[in-house]
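Modelling step: build the complete structure from the supplied sequences, incorporating the hints.
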Amino acid sequence: MDAEMYQEGRSIHQVEFIDGHSVEIPILKILKQDGSIYANADLPEIDQELATKIYKTLAFHRVLDERMVASQRQGRLSFYMTALGEEAASVGSAAALDDKDMIMAQYREQGALMFRGFRLEQFMNQMFSNELDLGKGRQMPIHYGSQELNYMTISSPLGTQIPQAAGYAYGQKLKGNQTCTICYFGEGAASEGDFHAGLNMAAVHKAPVIFFCRNNGYAISTPSSQQYMGNGIASRGVGYGIKTIRVDGNDILAVLKATQAARKHAIENDAPVVIEAMSYRLGAHSTSDDPSGYRTKEEEAKYAEHDPILRMKNWMIAQKWWDEEQETAIFERLREDVLAAVKVAEVIDKPTLESMFDDVYDVPTPQLNEQLADLKEHIKKYPDAYPVTAGRLK
Amino acid sequence: MDAEMYQEGRSIHQVEFIDGHSVEIPILKILKQDGSIYANADLPEIDQELATKIYKTLAFHRVLDERMVASQRQGRLSFYMTALGEEAASVGSAAALDDKDMIMAQYREQGALMFRGFRLEQFMNQMFSNELDLGKGRQMPIHYGSQELNYMTISSPLGTQIPQAAGYAYGQKLKGNQTCTICYFGEGAASEGDFHAGLNMAAVHKAPVIFFCRNNGYAISTPSSQQYMGNGIASRGVGYGIKTIRVDGNDILAVLKATQAARKHAIENDAPVVIEAMSYRLGAHSTSDDPSGYRTKEEEAKYAEHDPILRMKNWMIAQKWWDEEQETAIFERLREDVLAAVKVAEVIDKPTLESMFDDVYDVPTPQLNEQLADLKEHIKKYPDAYPVTAGRLK
Amino acid sequence: MAKMNLLQAINNALEIAMHENDSAVCFGEDVGHFGGVFRATSNLQEKFGKNRCFNTPLTEQGIMGFANGLAAQGSVPIAEIQFADYIFPAFDQIVNESAKFRYRSGNEFNVGNLTIRTPYGGGIAGGLYHSQSPEAYFAHTPGLKIVVPRNPYQAKGLLLAAIRDKNPVIFFEPKKLYRASTGEVPEEDYQLPLGKAEVVKAGTDITLLGWGAQMETLEKAADMAQEKGVSCELIDLRSILPWDVETVAASVRKTGRLLINHEAPLTGGFAGEIAATIQDKCFLNLESPISRVCGLDTPFPLAQEKEYMPDELKTFEAIMASINY
Amino acid sequence: MAKMNLLQAINNALEIAMHENDSAVCFGEDVGHFGGVFRATSNLQEKFGKNRCFNTPLTEQGIMGFANGLAAQGSVPIAEIQFADYIFPAFDQIVNESAKFRYRSGNEFNVGNLTIRTPYGGGIAGGLYHSQSPEAYFAHTPGLKIVVPRNPYQAKGLLLAAIRDKNPVIFFEPKKLYRASTGEVPEEDYQLPLGKAEVVKAGTDITLLGWGAQMETLEKAADMAQEKGVSCELIDLRSILPWDVETVAASVRKTGRLLINHEAPLTGGFAGEIAATIQDKCFLNLESPISRVCGLDTPFPLAQEKEYMPDELKTFEAIMASINY
Ligand SMILES: Cc1ncc(C[n+]2csc(CCOP(=O)(O)OP(=O)(O)O)c2C)c(N)n1
Ligand SMILES: Cc1ncc(C[n+]2csc(CCOP(=O)(O)OP(=O)(O)O)c2C)c(N)n1
Ligand SMILES: [Mg+2]
Ligand SMILES: [Mg+2]
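Residue numbers (the working numbering), protein chains in the order written: chain Y, 1 to 394; chain U, 1 to 394; chain F, 1 to 325; chain E, 1 to 325.
Hint data in this document are derived by calculation from the structure and do not stem from the laboratory.
For each residue, glycine too, the CB sits at the ideal point set by N, CA and C.
Incorrect hints may appear among the rest.
Here are the simulated DSS-like cross-link-like pairs (lysine-lysine), alpha carbons at most 27 Å apart as the crow flies [said to hold, decoys possible]:
1) 281/E <-> 381/Y
2) 228/F <-> 381/Y
3) 380/Y <-> 306/F
4) 343/U <-> 306/E
5) 201/E <-> 281/E
Here are some, though not all, of the chain F residues that point toward chain U, as calculated from beta-carbon distances under 10 Å [said to hold, decoys possible]:
6) 66
7) 92
8) 123
Facing chain U, according to a computed beta carbon distance under 7 Å, are these residues of chain Y, among others [stated by the list, open to error]:
9) 21
10) 32
11) 244
Below, the structure written as structure tokens:
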């Protein structure tokens, strides 16, 4: 037998199964809920400026989520997804990256996009699918994307971004420009075949990609205890030969620290890294969901005590980098801003009829041109039936 | 954070990656190449009768492979795949099962089918796709299957049988009849998304299935070093929470022992088990392949020294259960039998035209009946152009 | 008889099927305790236990692989794919495996017990990935059956037939009708035939052919045409594969004109197959070209969904164009 | 000019593409050192290094996911799927991702640099899983281009165009012609247009339309018809998506008759789309029904492959039936 093909282990002569849970997985924790630091903890690279930027991002995140759920309830918006209770995972990890690193997210990582600087009105334009939406009003709310900010447009089919991230990062490596890709996904999406393909290919082809799993305990109504039998997602890293770390996902300093270390490892060694951030989806899956159908208020209350934003606030105040006055002021201002932005975005025109035919191909095919021409003629005949586009037909 | 969602590990406060190879994987070895047993080794349940049956199966396997490759070279057969050098994996594992257990194989496990009692002429009829083929001459050679023997018909697309095996075994569990499913696949096929889906679902839904990976170092030309970066396939068991064992795949006693233990575990606990059998594909991938394009004769020679059949023979002789006379006799007889069977099978009629339209559905659709009628008429007009079916048109 | 919406009719069919057969099993993402994101499997776990109605991990290829194995074993899997837009990871398991299982084995094995349920189509502001109508992707696959009901009565009868049929069946449910479509449905067991179209309304001037949620559109268009004195014969194809060539051809031989409507994009959609077949069978009867009123050849948009859809106005215009050809 | 077989022409095109663009990368199962199971990528690893031509793990969905990401990043992935029969595990990555990448992002991102090469079709005694012609499965997908060459000259020019085209292209290679088809091929760089059919032979009585390996069948049938005094116009469609409606329609307007031939099963095959479109565009010109000579509606068999195939005899018969309609 060949030691090249596998790591030569002990020879045994009696049956001895490797236990399904034989890897002990430690969890990185730096910040306690009261804002104090664990003894001996290694802090991430962070100064007041970065900390403030992170905290303001968290605040923006919380307010946007809150307001958009309200807007959806009022019937102004068709759909929304919050990241209530798990904001630290996306914001803390994004804060560890270079702006040139690519972000390939699942959908609950608006925090990373906020950190990159996506503007309030850009969020709004996307959600109201108006003609200023970078995505041209084609996808459901929350499917953001920005080339300028290196944030890949969200795609609804789950898991597809995982092998894509391996390929993207491989391309970055070929270019040699010292950037990497971060790929976010939920513990649910990690059951897709694309997860397996993506992690294995990244390992084999030595792609500098950070696979960041947000393990928030649920995939819609399915608890993680019905999603897998292994020890979380981190336990899978071993099977791919990928360096792996588990962090407390509600601990912004631990997330930041782990991601800083992961980025360094990925770029210096042309190698993938797995991070599993443990958290809890405090809100509904989306505005179409009602968690009371599958879990108790008590369970939710228990996890609410681990609020990551409050935890960071406690630390910021202890650092004397933040105070209650600032807190009140920023939340008030953010609420006003968001409300004002909704009012602006919801009345902006929808994209034109013509734009529906763009971007299917780089250049429309003859068939598409014919379909557009026919449709224009039809709408001109029945303008009242097509109020969204009839008024602006060219 | 909730201990239900994942195994609570140590809290750490400094970054500490879990190494990609942190699980040590022992390898079960019982029989040495010279036929002696490792000290303290636990033997499998085996008596002279079973041992002889196994050994005769191995001999049949070796001879069939040898003769069919020759037949292919002579142009009598279109295609063949040997399992040269890795026969012990399929035969030894099949010998641990009950006849009512389902076997879902990849394609290189003819040994398991032989052990179940598939007759020489049945192999032949399939390979020559004549009208006695149980598969009705529809698939390429070596795609055997037999309902009677609980051996699922081989399907070329790789990996598809893995989640199917989980489902099959789940059905067995619901029936409660104390049977299990064994699912064979190569280390190459284990890269497919279906592998991930199948193992995870089997673990979550507690299906009594033995996932038996034949790790023979190659997937066509691709060495396993380019297939994965983990420690073989066994290292993945941990990620799914599945009990796992690695065995020397050329050690028939180790394979038998591990599979006996796995079957017991699977049925008693309604749980999947992973077995990884380490071996080497000594022959070409198939008769369409030429390994000299991707590996050296030296490498092949090195592995040839681990011949599993010779190893068992040495043991059988040491046990006084076998001798050289029997050896010569059986190989001679088998060669004659196979040659004779080729001659019979190759002249048996091909399936009829009508049979091409059967089994698309349980009952042919009107469209299929129409297509058959049209085609019959056409062939009657040009019988010489369709020699396979024209002579027997009804 | 009871008044049911389409979801209730489906739930009722599932309950009957699970009741009559101990080995019938329902599963898919969120299908268990929660009853599915649309609640089609509500209460089934309560009634039949966790072994027979359960959540799966989030893997469509796994769901279909598992279902194929379960069907081959002899159980009766009824698998749900949460949205038809997410059926593609399972494409290999369906097209290369389910469809060919019986054929490739010479009938040593089969997965005829398999049923796949999945909500399809537009109408819920779902954009690219919650609106697709992928029936034509599967209709090129001998070995599969494909069924689409248009209302609760049809849904119950066709779903029971699909579950009992000895071939793998994909059952596409028009999700925009889940709650919107209600009607009288017998509480007892009944079946409607697979592979048979239904003439919903007789007419003399043109045949309108569709399936699923688009049947409403065709009805509206037929009413508009009626006002112009055009008599439309309305046919619900119901089974896309195998499809009922004879009923359609007989109608076209009578009316001399055919219009086919589907939500999926025009190019490569199943209307092409129908048009190709009918122009062959009814060449001398056709008084105008067969008309296809379909989705546009773009991905399914969000903001301009109304513009994208083959609605009653477009259908009406096409009827008149055909009549005045 | 040099005499090349189809494999050599493809290999030559790949070499030119990798030479001109440092970010062009070829990969797939066994594509690296070995040069692919058909040897289409021979010597590319030697010439361009292991980073630019390599084996992947055995996962088609992974190959296409990786390729999508690489294309989005700006590299030029040329991915091989070992047999078209094995492209289905990648169906979601191609149909839901590659095809919709540009559209869904409002052109913020695109995978226009992507090319997928895969051998398709019968003729090698491959049975169900080494013979399929799945072009129609993809042709229902706005956003994709689909190309099929018929000989070495076409293969090189079309493949270079596909690689350089700013849209994802699936390039189906007729594997039975890999070594069987040889011809003079310019050694230098050239391109042939995508989306354009080619009139291979002018004629007056009937238009014969096909692609890939079936072009030979059509030629033979045309010769047989010629002997009966029937003049066939022969068209190679070359691009299945988008397809050249105008060239086909112009021909049919002239000849008044159309026959379409493809290996894939009849039902749901791309001939249906063509027939539906042409009966609409050329209704008043058609003198007989559009004829489809296609694979049967069964999985691809082994023992009766000859019977299954839409060969020259079946085509000839259909030509005469059309003429004598
Ligand atoms: C391929 C696919 N299947 C199903 C869905 C429907 N779906 C959307 S989100 C979701 C749950 C995802 O859970 P997880 O990955 O844990 O992410 P979380 O919502 O917890 O952030 C499901 C099933 C989908 N979008 N794509
Ligand atoms: C889905 C799919 N992709 C590709 C192939 C082509 N193929 C046949 S065998 C093979 C290699 C399989 O290697 P492994 O699983 O290690 O099994 P081994 O041949 O070594 O026994 C490949 C790539 C296939 N049959 N199915
Ligand atoms: Mg989750
Ligand atoms: Mg192998």
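For each hint, the structure was consulted:
Proposed proximity of residue 281/E and residue 381/Y is supported: the alpha carbons are some 23 Å apart, at most 27 Å. Between the alpha carbons of residue 228/F and residue 381/Y the distance comes to roughly 17 Å, so the proposed pair stays at or under 27 Å and holds. For the suggested pair residue 380/Y and residue 306/F, the alpha carbons sit about 14 Å apart, so the restraint of at most 27 Å is met. Our distance criterion of 27 Å between C-alpha atoms is met by residue 343/U and residue 306/E, whose separation comes to about 24 Å.
For the hint linking residue 201/E to residue 281/E, the alpha-carbon distance of about 22 Å falls within 27 Å, and the restraint holds. With a cut of 10 Å, the hint placing residue 66/F at the interface with chain U holds, because the nearest CB-to-CB distance is about 4 Å. Evaluation of the residue 92/F hint against chain U yields a held restraint, the C-beta minimum of about 6 Å falling below 10 Å. The beta carbon of residue 123/F is not positioned within 10 Å of any beta carbon in chain U (closest approach about 31 Å), and the interface hint is therefore violated.
A hinted interface residue such as residue 21/Y counts as satisfied when its beta carbon comes closer than 7 Å to some beta carbon of chain U; here the least separation is about 6 Å, so the hint holds. Annotation: interface hint on residue 32/Y violated; nearest CB of chain U at approximately 11 Å, more than 7 Å. Checking residue 244/Y against chain U by beta carbon gives a least distance of about 5 Å; that is within 7 Å, so the hint holds.
Against the hints set out earlier in the document, violations occur for numbers 8 and 10.
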